[in-house]
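S.K.: Residue-level listing of the chains:
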Amino acid sequence: MAMQELYFNIDNGYLEGLVRGFKGGILRRTDYANLVQCETLEDLKLHLASTDYGNFLANEPSPLTVNVIDDKLKEKMVIEFQHMRNQSVEPLCTFMDFITYSYMIDNIVLLITGTLHQRPISELITKCHPLGSFEQMEAIHVAATPAELYNAILIDTPLAPFFVDCISEQDLDELNIEIIRNTLYKAYLEAFYEFCSQLGGTTSEFMCRALEFEADRRAFIITINSFGTELTKDDRSKLYPRCGKLHPDGLAALARADDYDQVRAVAEYYGEYKPLFEGAGNNPGDKTLEDKFFEHEVELNVNAFMQQFHFGVFYAYIKLKEQECRNIVWIAECVAQRHRTKIDNYIPIL
Amino acid sequence: MGSLFRSEEMTLAQLFLQSEAAYACVSELGELGLVQFRDLNPDVNAFQRKFVNEVRRCDEMERKLRFLEKEIRKAGIPIVDTGENPDAPPPREMIDLEATFEKLENEMKEVNTNQEALKRNFLELTELKHILRKTQSFFEEMQDPALAEESHALLLGDEERGGQPMRLGFVAGVINRERLPTFERMLWRACRGNVFLRQTEIETPLEDPVTGDQVHKCVFIIFFQGDQLKTRVKKICEGFRATLYPCPETPAERREMAIGVMTRIEDLQTVLNQTQDHRHRVLVSAAKNIRVWFIKARKIKAIYHTLNLFNLDVTQKCLIAECWCPVADLERIQLALRRGTEHSGSSVPSILNRMTTKQAPPTYHKTNKFTSGFQALVDSYGVASYCEVNPAPFTIITFPFLFAVMFGDAGHGLIMALFALWMVWREKQLMNQRKDDGIWSIFFGGRYIILLMGAFSIYTGFIYNDFFSKSLNIFGSSWHMANISDDDIKNNELLELDPNVTAIYKPASPYPFGIDPIWNLAENKITFLNSFKMKMSVTLGVIQMSFGVCLSLSNYRFFKDPLSMFSVFIPQLMFLMCIFGYMVIIIFFKWIAYDASISYKAPSLLITMINMFLFKFPDSQDDYMYSGQKGLQIFLVLVAVACVPCMLFIKPYFEWRAHKSGKRTVRFGTVQMQVNGASEDTAVIMDQDEGEMPPPPPEGAPAHKEEEEFDIGEILIHQAIHTIEFCLGCISHTASYLRLWALSLAHAQLSEVLWSMVLHIGLGFKGWVGAVVTILVFPAFAVLTVAILLVMEGLSAFLHALRLHWVEFQSKFYKGEGHQFVPFSFEALMEDHN
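Quick mapping for you: the protein sequence lines, in order, are chains A and B. The first sequence begins at 2 in my numbering and counts up one residue at a time. The second sequence begins at 77 in my numbering and counts up one residue at a time.
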């Protein structure tokens, strides 16, 4: 394993340096403190120009909209990611492909839901995350059943092996789409987990922790969201990714849960998740459970940069950048809608 | 005071500008480029400053200009660079400019949308044309002659189905070529193989109406049966962004349609050409002015940026600015301010007040195109502390010289000098082209350094008598082949020339300049040259280091620090002289005092030096170099040793005493110097402003505190470090100068190897074979000479010369703790953008 680190820089040294450089450009607390003081989106643009974003909005005619900012933020991140992806060699490129799969899953679900609601495909395409776009994406509305979806479209994409479990579903309705999404995600997380464990070394050390958290978060969220829907407990337990810390006892307990308090009781047993549930609440001023999870994720990902010679930094960077985009968009929305009371609900990264 | 010897005397000044005159004044100062403004509101966000709206408007203008520029470049219209440099327009003109840009941008956008629509139309028609043409062949292939009279495109179904003809529907369209394979596969999968696809490539690339890129496309036609499949196929086509076109089923209709399409294409082509012409005209007129517009917009933006640094007076009537400026140029700044005030038509003059401050002023060296390269060499080590001796003027000579000592070959030096001379000669032209090339700009920026390096290399090359590793026998060697017969030469591989025989060598008439060329043939050439070059390196080193120490005297005198003069400078110089100065003297003494006849008695200098420290002396009087050597050497060693405690203790002691007696007569630590105060005509406003002035920046604060505290232990440690560093440094630095010898040896050997291993092969053959081989070998020799000897060896010698200056020379006197003076200058701004 030590040898792995010795040879790391031959193939990946440049990219690691690059990603660490990119990470240096992530906005800090002082930047956010300045951003929330903005009166208009133009102010926001002016301030972002003094950060690492530079003049990424310089060529946009005013008036600026939140959508434009969002698109440009994503575009910048995607350009950085694609650059690194294009420079990478095995096994890093597979690793980076794995990162994109989660966006592909989101895109597929978005498109299917959209076509279900009779939205034109061209409108939906613009809403897709550019990191998860693939060639067959736009033809997705050909499919009327999961089997068709698999046979006609997904079979040529890297998502095909994850989809095998979903073929049995009868037709594409709202509930089934959610089930498909979660089954896909489950298969994806487990495969990614498997892949990272095989890589070994620091990569697996960090990535397993990150993916375990991701898996457990999904399990919690699925459980909480399933209350009051027609999803049976049996079906629910099938959706839990089985690579987290909760597996197997926690998942079994979650499968039995009937309300929020029981979920909370499950989390009590896990030192990592206990504080997240304790601090969360739905009262104004409290942080939501979702935000708590995000905060924890950010902390986890920032820690990835403490170690060297591993792939986790690429994953962590993308996740941090995504969080940063969410933050900026949130602030921009608040500024644009003059809704300043909640403007501080962003999650600072550094 | 030479302007390069010390940095310019700087002063902090306060400017009171009338609100209406501020813009014009800053504009004038920007043209002048001699003033560095300080940010007076560091706590205020970028978007909360006063002139943020103006800055934003400028951003918008720049954006429009960039848009125009992009369009102009895309259209391939050259942008005229007249070299014109317009002044920043007055603020009221900004509205005109904005209106002009707005109009142009809108016009451009309108033309673009029109053109795009037309192009899309055109593209569709062209695609249709291709479809009609290409599908023709598909239909022809498939049509059964028996069914030809039917007006529908029918195909025979499977014979097994009883010959019942099946009606097949079809769609035809165009798709990007690279998407075709996935498209085909997807069709097959989604329709379970029940469709039939034919495709063919469109040979000529088509233009994408939005991006204007050339794209390759394919015509395809899909046959299928039934409506369900039809909707499915259509969906897939839509998903893959294939454009579908109606295609009539009968040949006659198709022909008719094709004719219609052709005429429409022709009509469209004329319209398109007209739009294109119009667009071109608009762009050409914009291209004429765009550079000037850019300059104007950038200048306005820079002015408002600067104005944002200013403080607003309570009455809102005037702006207060603080700036650093060179004292020598105050007149010019005043003049610029007056001009600015006049331009703006304001009646109240702008006021410039000098202020006293405790902050370290920025370092500003006035350089020209010749000195700037050398200043950059020094600055890349560290920017000089304010007003300390600047090594750059000495570097101008010593740097190329030390380089040349290592690079001593007249031939290589000549090539280098000619190359640099060409760069200097074509300076203007070269400066305008190829600005962006990284490596080239490094060479070009250092053209004067390279020129001097080349010239000095020619000189040292003649001293070493090396010309492409061969010696030039210009004056005729002083060694003669007396009493050596031709037989001796033929029979013996080696011949010994004895310098003691006057017929062979006349000591009275040595070779007049440099090394005698006969040494190039000698077997013991290297031994001879090594001894010479080693001694020369050490001599040069000691001279340069002593010079550095002397420069520190100049610093102490300038900063009025007599204590350091006596407690640091004198012991340092004595230490250096007693050991290494003495060594240089006996080197010369040995050269002069011993000639060939008594060379057997010459002592080894190395042993002499070692014995000097061990107090070991020869017994017989004959082995001394001169009488009284023993006494002098013991004395020198004792003096050198005595210097060490002097360096260590005198200064801390006096400081401690001064501190005890309560008054600080000497300064210590950071160089704190008062610019010779405010002269009579400028008011001292420092004290009264203390209240409203922003707190001094943090870098000033700790220095101020340091003065208050006094810790004798810390000072002793500090002094001890300096002393040890100097004493050990003297020894290691002297040894370090031996790199001069080492590199020069390496260079000479490399060039000799190159000669004997490459070009010598060609010259070794006789007759026409030799000529051919020489011609073949010479390019290799030339390329290797340039690549290895000039570029590689040159770079290594450059780095070593740089090191000798940064470490060995500058460590003797140079602090390099200053910060650069960055004036607000339009010129620098424009260079940045280029």
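No lab work stands behind these hints: they were computed from the structure. Hints are not guaranteed to be accurate.
With a cut-off of at most 27 Å between alpha-carbon atoms, the simulated BS3-like pairs for lysine-lysine come out as follows [what the hints assert, rightly or not]: (1) 150/B x 77/A; (2) 310/B x 128/A; (3) 77/A x 24/A; (4) 195/B x 377/B; (5) 891/B x 445/B; (6) 77/A x 185/B; (7) 195/B x 185/B; (8) 239/A x 293/A; (9) 128/A x 275/A; (10) 73/A x 736/B; (11) 128/A x 692/B; (12) 73/A x 146/B; (13) 445/B x 75/A; (14) 611/B x 601/B; (15) 73/A x 150/B; (16) 445/B x 364/B; (17) 445/B x 434/B; (18) 73/A x 185/B; (19) 246/A x 128/A; (20) 77/A x 146/B; (21) 582/B x 601/B; (22) 636/B x 736/B; (23) 445/B x 150/B; (24) 205/B x 311/B; (25) 179/B x 205/B; (26) 566/B x 126/B.
S.K.: The structure should be examined with respect to each hint, and the outcome stated for every one.
M.R.: Hints, verified against the model:
no.	hint	verdict
1	150/B x 77/A	holds, 24 Å
2	310/B x 128/A	holds, 23 Å
3	77/A x 24/A	holds, 13 Å
4	195/B x 377/B	violated, 38 Å
5	891/B x 445/B	holds, 25 Å
6	77/A x 185/B	holds, 25 Å
7	195/B x 185/B	holds, 15 Å
8	239/A x 293/A	holds, 25 Å
9	128/A x 275/A	violated, 35 Å
10	73/A x 736/B	violated, 66 Å
11	128/A x 692/B	violated, 91 Å
12	73/A x 146/B	holds, 19 Å
13	445/B x 75/A	violated, 46 Å
14	611/B x 601/B	holds, 16 Å
15	73/A x 150/B	holds, 23 Å
16	445/B x 364/B	violated, 31 Å
17	445/B x 434/B	violated, 33 Å
18	73/A x 185/B	holds, 21 Å
19	246/A x 128/A	violated, 34 Å
20	77/A x 146/B	holds, 20 Å
21	582/B x 601/B	holds, 19 Å
22	636/B x 736/B	holds, 21 Å
23	445/B x 150/B	violated, 36 Å
24	205/B x 311/B	holds, 23 Å
25	179/B x 205/B	violated, 38 Å
26	566/B x 126/B	violated, 94 Å
Consistency with the previously given hints fails for numbers 4, 9, 10, 11, 13, 16, 17, 19, 23, 25 and 26, ordered from lowest to highest.
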